[in-house]
Amino acid sequence: MVVVVIYAIVTYNGLVRRRNETEEAYRQIDVQLKRRYDLIPNLLEGVKKYFRQEQDVLTQITQARSQAMQPHSPREQAQSEARLSGAIGNLFAVAENYPELRSNTVLMDFQEELSSTENKISFSRQHYNDSVSDYNTKIQSFPAVIFARSMGFSEREYFEAVGPERESVTVSYD
Amino acid sequence: MSESPYEGTFRERIAVNRRNSLFLIAAFLAFVAIFGYIIGWAWIGDPVGAVFGLVLAFVVGAISGLVTYFGGDKLVLATSRARGITHHEAPVLFNVVEEMAIAAGLPMPKVYIINDSAPNAFATGRDPEHASVAVTSGLLEKLNRDELQGVIAHEMSHVGNFDIRYAMLVGVLVGTTVLISDFFLRGLWFRGGGRGRGDGGGGYAQLIMLVIAVVLAILAPLFARLLQLSISRQREYLADASAVRLTRNPKGLADALQKISGDREVLEAANRATAHLYIVNPVKSFEKRAKGLFSTHPPIQERIEILRHMETGGIPQTAG
Numbered sequence: 001m002v003v004v005v006i007y008a009i010v011t012y013n014g015l016v017r018r019r020n021e022t023e024e025a026y027r028q029i030d031v032q033l034k035r036r037y038d039l040i041p042n043l044l045e046g047v048k049k050y051f052r053q054e055q056d057v058l059t060q061i062t063q064a065r066s067q068a069m070q071p072h073s074p075r076e077q078a079q080s081e082a083r084l085s086g087a088i089g090n091l092f093a094v095a096e097n098y099p100e101l102r103s104n105t106v107l108m109d110f111q112e113e114l115s116s117t118e119n120k121i122s123f124s125r126q127h128y129n130d131s132v133s134d135y136n137t138k139i140q141s142f143p144a145v146i147f148a149r150s151m152g153f154s155e156r157e158y159f160e161a162v163g164p165e166r167e168s169v170t171v172s173y174d
Numbered sequence: 001m002s003e004s005p006y007e008g009t010f011r012e013r014i015a016v017n018r019r020n021s022l023f024l025i026a027a028f029l030a031f032v033a034i035f036g037y038i039i040g041w042a043w044i045g046d047p048v049g050a051v052f053g054l055v056l057a058f059v060v061g062a063i064s065g066l067v068t069y070f071g072g073d074k075l076v077l078a079t080s081r082a083r084g085i086t087h088h089e090a091p092v093l094f095n096v097v098e099e100m101a102i103a104a105g106l107p108m109p110k111v112y113i114i115n116d117s118a119p120n121a122f123a124t125g126r127d128p129e130h131a132s133v134a135v136t137s138g139l140l141e142k143l144n145r146d147e148l149q150g151v152i153a154h155e156m157s158h159v160g161n162f163d164i165r166y167a168m169l170v171g172v173l174v175g176t177t178v179l180i181s182d183f184f185l186r187g188l189w190f191r192g193g194g195r196g197r198g199d200g201g202g203g204y205a206q207l208i209m210l211v212i213a214v215v216l217a218i219l220a221p222l223f224a225r226l227l228q229l230s231i232s233r234q235r236e237y238l239a240d241a242s243a244v245r246l247t248r249n250p251k252g253l254a255d256a257l258q259k260i261s262g263d264r265e266v267l268e269a270a271n272r273a274t275a276h277l278y279i280v281n282p283v284k285s286f287e288k289r290a291k292g293l294f295s296t297h298p299p300i301q302e303r304i305e306i307l308r309h310m311e312t313g314g315i316p317q318t319a320g
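Chains as they are written, first to last, in my numbering: chain A, 1 to 174; chain B, 1 to 320.
Hints may be right or wrong, so weigh each one.
Said to hold, decoys possible - A few chain B residues facing chain A, derived, Cβ under 7 Å:
| hint | residue |
| --- | --- |
| 1 | A90 |
| 2 | V92 |
| 3 | G105 |
Think of the hints as simulated: they come from the structure by calculation, not from any bench. For glycine and all other residues, C-beta sits at the position ideal for the given N, C-alpha and C.
Isolated chain A, as found in the complex:
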């Protein structure tokens, strides 16, 4: 009997810990997204003078950014994020046309910071999915499966938009 009680307590605490982990992982995605929004104006400021003839590339990024920052449903959010990534990818594609820009350290720093932030966003999503997978498996396996649902633990959904977000998407979704 004592063993059963201890077992139940350990299982329950395991569920609580995993649920908190998934919530923390979800918040981390928002932290990284916000970081990218904060980063873009600073970095655009740094490279502005090199893109005098290609102003629309910069405005595209600024527009996509302010669009992405507005509250959306998760699905729309994923789309506007994809558009922002696409606009940024465009900037580097344009930069390829200017040999003097390719070796420019400001631009290279800019590229490193932005691509790293994109990596951080997708790694935070990957980590969220990893912890969701852990949590869901725990809920669905014995002995938690007996009482997990009745105590308010329910499976969480995976973040699905990792794929399109990682490629530079230039098509428009409407």
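Once you've looked at the hints, dock chain B against the given chain A.
Same frame as chain A, but now just chain B:
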């Protein structure tokens, strides 16, 4: 993610490795206790002495354990002449560490650079909240971003799997065993042949214990070292597997290991005491001389092969 073809394999391997490590640590602890017990009996001549020896062995272990636990990482970093850096000084390295910390869901560790042209890296600390990752300047020069990411993922896996703490604790246990053996053998020397006490009824038992204790004191440090090495070998395989789980890119780490192992330069900042911490054994002549049992790292070619198998989606056959 669940659709990944080798996800199940990772989880299983990590679970098996954790079990093995726990078993080895328990065996190690039991060994230190028995060792103390036998020496105690041999020295004082009765079971009370044996218990005294057991307690003493534990106390010595606990004290050196605590000192190492709270200061060991600083000592290792200082002897490796590692310099702490900020984002501004090495943005790519800093970003890659941050990315891998996020992928692993761990706090950002402190980042250090060792000024040495031989490419290598290690992680240390007592837990993920107090972890440090150090890489050589040679590593930064010679690896591309994907390869660096693989190496850092390997190091963050050591952090996340608590290998950094195990490495410290096992180091303490080895140190304790050596200390006790040394203490006992020197003590014997000073006592010489003049064992007057306990020559009555307990005489034979004490004599037998004394013989066992002498043999153990000579062999124990050797066995302790072997056990330490086998633990660190297993952890290298596990960290490689977990690293791929973070980057989802086995090629990066495989290429990095290939480059590091093909490099001819010798890491001057490393010595025997810190060798087991590095991603690739920095003491190269030593690795060549003593393969197998005495090596801190699994053969690098085997590690690369396992990673190449993952690239093609196959399940590695040879992992232990």
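Would you pick out the hints that fail for this structure and give their numbers low to high? Violated hint: only 1; rest satisfied.
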